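Undergrad: What follows is the residue order along each chain.
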Amino acid sequence: MLVTWPYRRRGSFLETFDPRARLLFALSLMLSTLFFWDVRVLAGLWVLALFYFRLNRLTWRETRRAWLFTGFVAGVFVTITFLTGRGGFEVYQTERLLARLSLPVTIFGWTPAVNVTMERMFFAFSQMCRMGTVITAAILIPYTLDPTQYGVVFRGLGLPDKIAYAMDLAFRFIPTLGRDALQTMDAQRARGYELENIRGGPLAQIRRLAPLVVPVTLHALMTAEDIIDAMDLRAFGVGRRTWLTELRFRRHDFVLLGLSAALFFGSMAAAALGFGRFWVP
Amino acid sequence: MAPILEVHDFTFRYAARPQPAVQGISFSVEEGEMVLVAGPSGCGKSTLLRALNGLIPRSYKGDLQGSIRIGGVDPRTWPLARLSQQVGTLLQDPERQIVAADVLHDVAFGLENLGWPRSRILERVDEVLHALGISHLRDRPTFQLSGGEKQRVALAGVLAMAPRILLLDEPLASLDPQSAQEALALFRQLHQEGHTVLLVEHRVEDAVRARPDKALYLEEGRLAFMGDLEAFFERVDPTAVKVPFPVWLRRWPGVRGRPMPRVEIPPASPSAPPLVVFEDVSFGYGDGPDVLHGIRAEIRKGDSLAILGPNGAGKTTLLKLAMGLLKPRRGRVWVGGKTTREQTVAGIAHTIGYVFQSPSQMLFAPTVWEEVAFGPRNLGHPPDQIEADVRWALELVGLLDQAQSSPWALSFGQQKRVTIASVLSMRSRILVMDEPTAGQDYRSYMRLMDAIARIAFGPAPAVDALVFITHDLDLALSFANRVWVVADGRLIADGPPEEVFSDPETMRQGRLVPTSLLEANRQHWRRIGRFLRAERLVEFLQGTETAHRA
Chain A
1 MLVTWPYRRR GSFLETFDPR ARLLFALSLM LSTLFFWDVR VLAGLWVLAL FYFRLNRLTW
61 RETRRAWLFT GFVAGVFVTI TFLTGRGGFE VYQTERLLAR LSLPVTIFGW TPAVNVTMER
121 MFFAFSQMCR MGTVITAAIL IPYTLDPTQY GVVFRGLGLP DKIAYAMDLA FRFIPTLGRD
181 ALQTMDAQRA RGYELENIRG GPLAQIRRLA PLVVPVTLHA LMTAEDIIDA MDLRAFGVGR
241 RTWLTELRFR RHDFVLLGLS AALFFGSMAA AALGFGRFWV P
Chain B
1 MAPILEVHDF TFRYAARPQP AVQGISFSVE EGEMVLVAGP SGCGKSTLLR ALNGLIPRSY
61 KGDLQGSIRI GGVDPRTWPL ARLSQQVGTL LQDPERQIVA ADVLHDVAFG LENLGWPRSR
121 ILERVDEVLH ALGISHLRDR PTFQLSGGEK QRVALAGVLA MAPRILLLDE PLASLDPQSA
181 QEALALFRQL HQEGHTVLLV EHRVEDAVRA RPDKALYLEE GRLAFMGDLE AFFERVDPTA
241 VKVPFPVWLR RWPGVRGRPM PRVEIPPASP SAPPLVVFED VSFGYGDGPD VLHGIRAEIR
301 KGDSLAILGP NGAGKTTLLK LAMGLLKPRR GRVWVGGKTT REQTVAGIAH TIGYVFQSPS
361 QMLFAPTVWE EVAFGPRNLG HPPDQIEADV RWALELVGLL DQAQSSPWAL SFGQQKRVTI
421 ASVLSMRSRI LVMDEPTAGQ DYRSYMRLMD AIARIAFGPA PAVDALVFIT HDLDLALSFA
481 NRVWVVADGR LIADGPPEEV FSDPETMRQG RLVPTSLLEA NRQHWRRIGR FLRAERLVEF
541 LQGTETAHRA
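Order-wise, the sequence lines are chains A and B. Sequence positions in the first sequence follow this note's numbering and run 1 to 281. Sequence positions in the second sequence follow this note's numbering and run 1 to 550.
Hint data in this document are derived by calculation from the structure and do not stem from the laboratory. Just so it is clear, the structure is predicted and the values come from calculations on it, not from any experiment. Glycine residues also receive a C-beta, built at the ideal position from the N, C-alpha and C atoms. There may be inaccurate statements among the hints.
If you want the footprint, here are the derived chain A segments under chain B, 3+ residues with CB under 8 Å [said to hold, decoys possible]: (1) 105 to 113; (2) 187 to 194; (3) 215 to 227; (4) 231 to 240.
Covered stretches of chain A (in silico footprint by chain B; criterion: 3 or more residues with CB under 8 Å from a CB of chain B, positions within the stretch not fixed) [said to hold, decoys possible]: (5) 1 to 7; (6) 170 to 184.
Across the chosen pairs, the derived CB separations fall in these ranges [stated by the list, open to error]: (7) A/Gln205 - B/His8: 54 to 62 Å; (8) A/Ala138 - B/Arg118: 27 to 35 Å; (9) B/Arg118 - A/Leu27: 51 to 59 Å; (10) A/Leu27 - B/Asp74: 47 to 55 Å; (11) A/Ala138 - B/Ser411: 37 to 45 Å; (12) A/Gly178 - B/Arg209: 34 to 42 Å; (13) B/Ser269 - A/Ile228: 33 to 41 Å; (14) A/Arg208 - B/Asp401: 24 to 32 Å; (15) A/Gln205 - B/Ala16: 29 to 37 Å; (16) A/Gly178 - B/Asp401: 45 to 53 Å.
Here chain A stands alone, though its shape is the one from the complex (with noise of 0.2 Å):
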């Protein structure tokens, strides 16, 4: 059976407004930032994103593991496009160095060193804000979308049915598979399986990995025929379906859909015209 993300009535104001309006509102967030790299309006885009965190309610001691494993693979991206800095060579051509940071040790006759120049420091600033904003809109949705909505979310966005559903099963499939990969973990364990034992070159760690992949990926496989045939014996795509919950947008909604439309539109032309662009004092 599928689980769902932890989320709860918060009693926020924004809990009034219609779930599409607000999850409209995140995506145009998140796509907002694609337009820029200049790290002010970023660093605006995220600080928004973060005010609309703090108006949803959210704490950080319910979201902490989310912050701190989407935290880690953002830390990780930027770290390594810094260091070999190959991400901005679209976006600046010159660099002005601040200082070169080298290993006291040779490998082969070479000496493991970076350049710290302002454009790479700079563009490693946008990348995390870019990144922040993402993630900080992106934690919103499953703790603030009601799980019994997602399907009927989507069919209001315009999906056809099955999409939808299909839609709402994939969003509750991501956990599940969180709690699956937690007791496969488990089982494995307990017969002296320890991940942070493994060795190897890349092959052989992947290989290692397999007592975790193998049963994981087989056990999803394995749910995902039982609901295909659960769904079949109860009908489903049998011809247009009632979705049992209404949505309806109100005056509200409109502003906040507005709010979105602005922002993402706004975003957009203003790039069009130049504005934006990488930015280095």
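Following the hints, complete the assembly by docking chain B onto the known chain A.
TA: For chain B alone, coordinates are given in the frame of chain A:
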């Protein structure tokens, strides 16, 4: 009047298999009848159900011969929407059936698919929830329901579509005894209200409490018997199907000549050295409330310990604490002279071999041999010893001939045995099993438990103690010398089965329901000195009577 269901010379072979799963099956069911469909694992029950509910041939392709008629019409000519209103299926595991995130939407799911207007759907859902006595669950998230509640919700989703025929596929498999009783009473009520019910269940002793009109018995894909229950009990092999104890008594003359398991499980000794000690242990998940409260107990050398209790009472959590997979919030768990905080899980695996409930959670290797060798390799055993231990473990579970097969190509029962062999090969001192008999038929699991009892209590014991979680009270009284009952996160009983199962308050709190074997044991145990499994008890009683007659 024509029967509501007619199956004539039905044969089906799955596309990927060389042999048919069912062959030449013919029977009919009258409207309003309740039919018990029994048979061992792999006998073709699931295939028959899939043919009746339309998954064959719609979702499962293969070669189909013969005919099935519902109300005189071939259901293959119907669209799925119509078929789903004729035949409703309650799947074996309600977790596999529930698709929506809350009860209201799950019960409404079928009606939404049929395109009913909202007001009619809400009316119908409320009507069905009320009829099943679960109106209070209407707005609950489905994943938070107990096992019994999930089953009622799944059944409500089926009944909402008002099918003429109800197919119930091993509906008792995942329920604790009290929930199983409540489910059977509900099926009986549905039957009395006029539903035609096909109850597929190999726990025949339990199923007969729903008072089916007749029984249908499948063996190796063929119909071996169809008739009333009395005739069924005169014909069925009591070592193959779990039957009420009086049937054992009647059928004993035909069974007595067969070889019987002879492993004696001696009584547990309170003075034996402790292997695991729970020292005032409390535990809760994350920031949630405690789910285990102040557990004080020991697992000792020579124990064959059965852990019983309602779904969600904390049984598995307790064993995960012993394994070090979870750490106590308060108190300590001692394993082999150290607390679980001072050891790694791999280190504890030298003492405790833990077999998880579901094989699909752990099977990964390309061959059974590799799967069974995985644990001892992780523990750093030398190659010669691994070779010998893998062979020994596979022989014990009867799978040495499958050593080069893929674990995923085996039946569920065989997969379960692979998981047990995978843990046995680590040569841990305590063998811990979570629901070792789940998903297997009576004969298979009794043989497996006999093999396990030999491992612990045979002439060359290979483990110091056995621990198993079960809902099956007869299994506990047959194979345990000690019983724990866990309810609401507390250990409410710890003692020999004779003592624990004779206490009405423990039985009530632990949602345990006396079986006919327990009743018979209760009558005679003071004379015998202990509880006995069915074969032994009947042997004792018949021997005594013979002696009296002599």
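Undergrad: Checked against the structure, which of the hints given earlier come out wrong?
TA: 1, 9, 13, 16
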